[in-house]
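Asks: Keeping their order, the protein sequence lines are chains E and C. Per our numbering, the first sequence starts with residue 1, numbered consecutively. Per our numbering, the second sequence starts with residue 1, numbered consecutively.
FYI, nobody ran anything at the bench for these hints, they're computed from the structure. Errors might be hidden in some of the hints.
Stated by the list, open to error - Far from chain E by the CB rule (all over 12 angstroms, computed), these chain C residues: (1) Ala54; (2) Gly62; (3) Val63; (4) Leu64; (5) Glu87; (6) Ala90; (7) Val94; (8) Asn96; (9) Arg110; (10) Lys150.
What the hints assert, rightly or not - Subject to a maximum C-alpha distance of 30 angstroms in a straight line, what follows is the list of computed DSSO-like cross-link-like pairs (lysine-lysine): (11) E:Lys248 x C:Lys91; (12) E:Lys335 x E:Lys248; (13) E:Lys234 x C:Lys79; (14) C:Lys100 x C:Lys129; (15) E:Lys234 x E:Lys248; (16) E:Lys234 x E:Lys166; (17) E:Lys335 x E:Lys404; (18) E:Lys88 x E:Lys402; (19) E:Lys166 x E:Lys367; (20) C:Lys91 x E:Lys255; (21) E:Lys402 x E:Lys367; (22) E:Lys255 x C:Lys79; (23) E:Lys335 x E:Lys402; (24) E:Lys213 x C:Lys129; (25) C:Lys60 x E:Lys213; (26) C:Lys83 x C:Lys129; (27) C:Lys150 x E:Lys367; (28) E:Lys389 x E:Lys367; (29) E:Lys88 x E:Lys119; (30) C:Lys83 x E:Lys166; (31) E:Lys213 x C:Lys91; (32) C:Lys83 x E:Lys234; (33) C:Lys66 x E:Lys402; (34) C:Lys129 x C:Lys150; (35) E:Lys119 x C:Lys150; (36) C:Lys150 x E:Lys213; (37) C:Lys129 x E:Lys389; (38) C:Lys150 x E:Lys255; (39) E:Lys213 x E:Lys88; (40) E:Lys335 x E:Lys213.
Treat the numbers as computed from the prediction; the structure is a model and nothing was measured. Cβ coordinates follow ideal geometry from the N, Cα and C atoms, glycine included.
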Amino acid sequence: MTALKRAVSALLLLALSLAAHAQLTIEITGAGANRIPISIADFSGEAGVSRAVAMVIRADLERSGLFRLVEAGAPMAENAAVNFGDWKSRGADALVVGSVAPAANGRFEVRFRLYDTQKQASLGGLVYVMTAQQARTTGHRIADFVYEKLLGEPGIFSTRIAYVVKSVGRFELQIADADGMNPQTALASREPIISPAWSPDGGRLAYVSFESKKPVIYVHSLASGSRHVAANFKGSNSAPAWSPDGRKLAVVLTKDGGSQLYSVNADGSGVVRLASSSGIDTEPFFSPDGQFIYFTSDRGGSPQIYRVPAESGSAQRITFEGSYNVTPRLTPDGKSMAYVTRNGGRFQLALMDLATRQTQVLTDSDKDESPSFAPNGRMILYASEIGGKGVLAAVSSDGRVKQKLSVQAGDVREPAWGPFSKN
Amino acid sequence: MRNKLIIVLAAALIAGCGTTVDPEQAGAPVEDRGAKRIDGTEVKPVTAGDPMGAALAAVKQGVLAKRSVFFDYDSYVIKDEFKPLVEAHAKFLVANPHVKMLIQGNADERGSREYNLALGQKRAEALKKMLTLLGAREEQVEAVSLGEEKPRCSEASEACWSQNRRDDMLYTGEF
Chain E
1 MTALKRAVSA
11 LLLLALSLAA
21 HAQLTIEITG
31 AGANRIPISI
41 ADFSGEAGVS
51 RAVAMVIRAD
61 LERSGLFRLV
71 EAGAPMAENA
81 AVNFGDWKSR
91 GADALVVGSV
101 APAANGRFEV
111 RFRLYDTQKQ
121 ASLGGLVYVM
131 TAQQARTTGH
141 RIADFVYEKL
151 LGEPGIFSTR
161 IAYVVKSVGR
171 FELQIADADG
181 MNPQTALASR
191 EPIISPAWSP
201 DGGRLAYVSF
211 ESKKPVIYVH
221 SLASGSRHVA
231 ANFKGSNSAP
241 AWSPDGRKLA
251 VVLTKDGGSQ
261 LYSVNADGSG
271 VVRLASSSGI
281 DTEPFFSPDG
291 QFIYFTSDRG
301 GSPQIYRVPA
311 ESGSAQRITF
321 EGSYNVTPRL
331 TPDGKSMAYV
341 TRNGGRFQLA
351 LMDLATRQTQ
361 VLTDSDKDES
371 PSFAPNGRMI
381 LYASEIGGKG
391 VLAAVSSDGR
401 VKQKLSVQAG
411 DVREPAWGPF
421 SKN
Chain C
1 MRNKLIIVLA
11 AALIAGCGTT
21 VDPEQAGAPV
31 EDRGAKRIDG
41 TEVKPVTAGD
51 PMGAALAAVK
61 QGVLAKRSVF
71 FDYDSYVIKD
81 EFKPLVEAHA
91 KFLVANPHVK
101 MLIQGNADER
111 GSREYNLALG
121 QKRAEALKKM
131 LTLLGAREEQ
141 VEAVSLGEEK
151 PRCSEASEAC
161 WSQNRRDDML
171 YTGEF
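Isolated chain C (complex conformation):
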């Protein structure tokens, strides 16, 4: 993907500034973010003076270091006990509009994998909705689901399942 892009760009440079780039090649990868990360070798440089770097340090401390919201069985409602945590993260997103968040919703293992993926999505979207109502920008937050695929606990018991019915919040640089 990237090589292709480089070739297209190089071709454009060689041919001079007035050349139009082949729209088929240039237009395709808009939503193709995953493909660039297949080999996992991309390194994003962060310098000490970078505001992103400072922001990242902030989310590793205090209340912002807490990243999980847990749900009741068959429920997508953010419980009162997690509201202060969600408010703190919303406040941080408002104060740092260039920082993005990925919410990963999760479900316990019982039942169909794809249906559980949809349940995890519902949990992720419930949290995203609360964050945006508290001022975070829509495009700042992406809600996705890992379904039952990434359990925190792998025993077949309610104590364990309750840890798996959760949302995890990841910031730029962490996903």
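With the rest of the complex left out, here is chain E:
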């Protein structure tokens, strides 16, 4: 294949992926206070592939709300001499340069280097060998590298998200890249699908499907498409939450009357009661260390958040302010908890520091629900509503960075942010 043909096919792939229907589009509606000015030069070599890679890096960093892009001009290879004074005067504190060269079997070799223009130093670089189809994946990996070097925490650009799209008479559980691209349908049904939860290894989703006229919990392996029933007892089966080791699910069953918490092995065996109350106990969520299960309960008269030791013990109340606090979701470091609170009839996303019990309302909308943390704890993805239409939104845990994610084709809801990818 000639260089030109390869470049054309790369561009074609890019165009195809942009045109994919039911695509989530992400709008940035708020940005961080101190964004790092960075320049991502086009990589030298294969122009089409290079542009595809550089575009993904730029879009990822800009969407994070933590970077400000500075125009780069001509392509620059990773081994080119860098005039740091020139880049500083352009206002770029960091610079990414690189190259794309043809490799064996129609593949490409992508090299890049990240510079700190203030310190006039290289912060490192990597080499990837990829196919033209992997241009986006490579761009995400490079963006993750840049993000981690400059911010000191892992990037989430290579992760995936799950969500449910509702169109007329149809529900689809979809999986997309964190930037909304490459959406794939894991399950299509005429009946509702709710509460998707990623296994810690990112290979499986537990969810609740109403396809048999009642809520039943399934565990679904994404790569093979095979799935099994994890809980289908008399009554309702819902709210699956994975234990951090991926072996068990905390679930809500009504087999003994009332919505109560149980633990079940991921294969559906070994059902054990976790807590007892005369009211509603639901929405379990394991603390990242596996020690506690946080949950929503109306045992005190109004729905509030409690926790119990995972190995049984007495419940401890966590929220006290207001008459409706639900859906606890802990940060990956276990230090904070996102939840939904009702303020004068409006349902909003709040964050509590679990050590000080200080809370902060993060959103200013009416119908926020189903929060889910990015695996680095920086952003919270949640469901909201704009003009009667279901959309997803994301907000940073400091409340500054805001994004809106929507699909043309229908309502989108029930988001779940997947774990870090293993490779």
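On the provided structure of chain E, position chain C as indicated by the hints.
Replies: Chain C only, in chain E's frame:
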């Protein structure tokens, strides 16, 4: 699931009547009713002379054709106006012990989906309790919740929400 069962049964037949079936394969699907219905292609034959068929005709007429009980906001109490309806259905269940009922509880859309699922469950269980107190057998009635997922009305108004805070009663053959 079904294929697997057929294979197990076939294997047992081929090997002769004295063969024991692998307990792991035979024991698993006890609570696995949903999995059989995934493709929705099962057809349950009903013949005209079948008492179930006659029962099904009865629940499509008169007071038994009414299947919904509505609730106040944040309430799980069956209101007096629905008691005659519940009594009629209880009487029917007592007279037809082989007929089963599925109660689907529902909630309005405000708030968390999973919490609303639990609220719908509370409504379904309140109705089940009343039916069993009136003589229906425990195993005859299953109370489940659809939460806020199957609204009858989809506008954001009290008139609409009040239609969504309800229990629906379904009989064998209808679910």
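Asks: Now tell me if each hint is right for this structure.
Replies: Structure-based check of all given hints:
no.	hint	in the structure
1	Ala54	holds (23 angstroms)
2	Gly62	holds (25 angstroms)
3	Val63	holds (24 angstroms)
4	Leu64	holds (20 angstroms)
5	Glu87	holds (22 angstroms)
6	Ala90	holds (19 angstroms)
7	Val94	holds (20 angstroms)
8	Asn96	holds (20 angstroms)
9	Arg110	violated (7 angstroms)
10	Lys150	violated (7 angstroms)
11	E:Lys248 x C:Lys91	violated (43 angstroms)
12	E:Lys335 x E:Lys248	holds (23 angstroms)
13	E:Lys234 x C:Lys79	holds (26 angstroms)
14	C:Lys100 x C:Lys129	holds (15 angstroms)
15	E:Lys234 x E:Lys248	holds (20 angstroms)
16	E:Lys234 x E:Lys166	holds (27 angstroms)
17	E:Lys335 x E:Lys404	holds (26 angstroms)
18	E:Lys88 x E:Lys402	holds (29 angstroms)
19	E:Lys166 x E:Lys367	holds (17 angstroms)
20	C:Lys91 x E:Lys255	holds (25 angstroms)
21	E:Lys402 x E:Lys367	holds (16 angstroms)
22	E:Lys255 x C:Lys79	holds (25 angstroms)
23	E:Lys335 x E:Lys402	holds (22 angstroms)
24	E:Lys213 x C:Lys129	holds (21 angstroms)
25	C:Lys60 x E:Lys213	holds (20 angstroms)
26	C:Lys83 x C:Lys129	holds (13 angstroms)
27	C:Lys150 x E:Lys367	holds (18 angstroms)
28	E:Lys389 x E:Lys367	holds (11 angstroms)
29	E:Lys88 x E:Lys119	holds (10 angstroms)
30	C:Lys83 x E:Lys166	violated (36 angstroms)
31	E:Lys213 x C:Lys91	holds (25 angstroms)
32	C:Lys83 x E:Lys234	holds (25 angstroms)
33	C:Lys66 x E:Lys402	violated (48 angstroms)
34	C:Lys129 x C:Lys150	holds (23 angstroms)
35	E:Lys119 x C:Lys150	violated (59 angstroms)
36	C:Lys150 x E:Lys213	holds (10 angstroms)
37	C:Lys129 x E:Lys389	violated (38 angstroms)
38	C:Lys150 x E:Lys255	holds (22 angstroms)
39	E:Lys213 x E:Lys88	violated (63 angstroms)
40	E:Lys335 x E:Lys213	violated (39 angstroms)
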